[in-house]
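Student: When we follow my numbering, the leftmost residue of the sequence shown carries the number -18, and every step to the right adds one.
These are computed hints drawn from the structure, not numbers from a lab. Take the hints with a grain of salt, since some may be wrong.
Stated by the list, open to error - If you anchor each label on the Cβ, the simulated ranges turn out as follows:
1. Q21 x C48: 28 to 34 Å
2. L145 x A45: 22 to 28 Å
3. C160 x G135: 36 to 42 Å
4. S149 x L13: 15 to 21 Å
5. S64 x F26: 18 to 24 Å
Note that CB positions come from ideal geometry on N, CA and C, so glycine has one too.
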Amino acid sequence: MSILHRWLTPGHPELPVGKVVCVGRNYAAHALELGHAVPQRPILFMKPASAVVPLESPIDWPRAEGCCHFETELTLLIHRPLSHATPTEIRQAVAGLGIGLDLTLRDLQEQLKQAGHPWERAKAFDGAAPLSAFIPAEELSPWEPLQFSLDINGKRRQTGNTALMLFSFEKLLMEISQCFRLEPGDVVMTGTPQGVGPLDSGDALLLTLENRQFKTSVR
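Throw the hints in and build the complete structure from the sequences for me.
Tutor: See the structure below:
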C-alpha cells in the first residue's frame, strides 16, 4: 500500500508520497555561510520517497557517518503533472504548503565532494526528509511572502522569508519542469536560509510556518 501525504485540514485529496526535489543555495546568505558562490541557476538534487518521514517522528541518522545538519525549508506539494509548464499550469499544480528538514550528513557530504563523487549518501538516506502535514494552498498562498523559523531547545536558529529567495516558487517550478516531469505526490523543498548547524541527541525542535507550529525531537 502507498504511503500517503498528510493534511492539516481534513477532506483534501489523498496523494501518494513521490520523489522530493530539493533546491540548493536558494538563499544568498546560506550559500555564503557555507563558502559557496551564489548560483545563477537553481541547483537541483533529489531524495527518494523512502527518505520521507513524518516531521513529528524522532529524528535519527546513521551515526557512524558523522554529524547531521538541519536545514529548514518550505515545501510544496504537487497534485497535477508538470512538464515544461507555463505559469498558469504551475499556479494550478500546487496543492499545499508545509515545512520540513533537509537533513544532511555534513561530514560525509564534504568527503564525497572532495572525492568528486555524488552526494546522495549524505542527502538521500532513509529518514532524510522529515515533512510536516500540508496546509491547503487555498489557506496559505505560495505566491505571497511567507515567514518560517526553527527553534532548537528554545533558541532561534533559523529565520526565513520567501521574499529573500534567489528563485521564487514560480521560477523554481518552471525550471524543475524543464528538467524532469513532476507528478502528483511529488514534493519540492525550496531551500534553506542561513543558520544551519548540527543536531544533537535530545534536541527539541519547534518549526513555524506563519502561525502554524510543528514539533519534533532528536532521538
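Student: Hint says 22 to 28 Å; check whether the CB-CB distance for L145 and A45 agrees.
Tutor: 36 Å, violated
Student: May I ask you to test the hint 15 to 21 Å on the CB atoms belonging to S149 and L13?
Tutor: For S149 and L13 the Cβ distance comes to about 20 Å; the hint holds.
Student: At the C-beta level, are S64 and F26 separated by a distance inside 18 to 24 Å?
Tutor: Roughly 19 Å apart at Cβ, these two residues keep to the hinted range, so it holds.
Student: Assuming the hint says 36 to 42 Å, is it satisfied by the Cβ distance from C160 to G135 or not?
Tutor: 40 Å, holds
Student: Could one say that the CB atoms of Q21 and C48 fall in the range 28 to 34 Å?
Tutor: Since Q21 and C48 have Cβ atoms about 30 Å apart, the given range 28 to 34 Å holds.
In summary, the structure is inconsistent with hint 2 from the numbered list given earlier, while agreeing with all the others.
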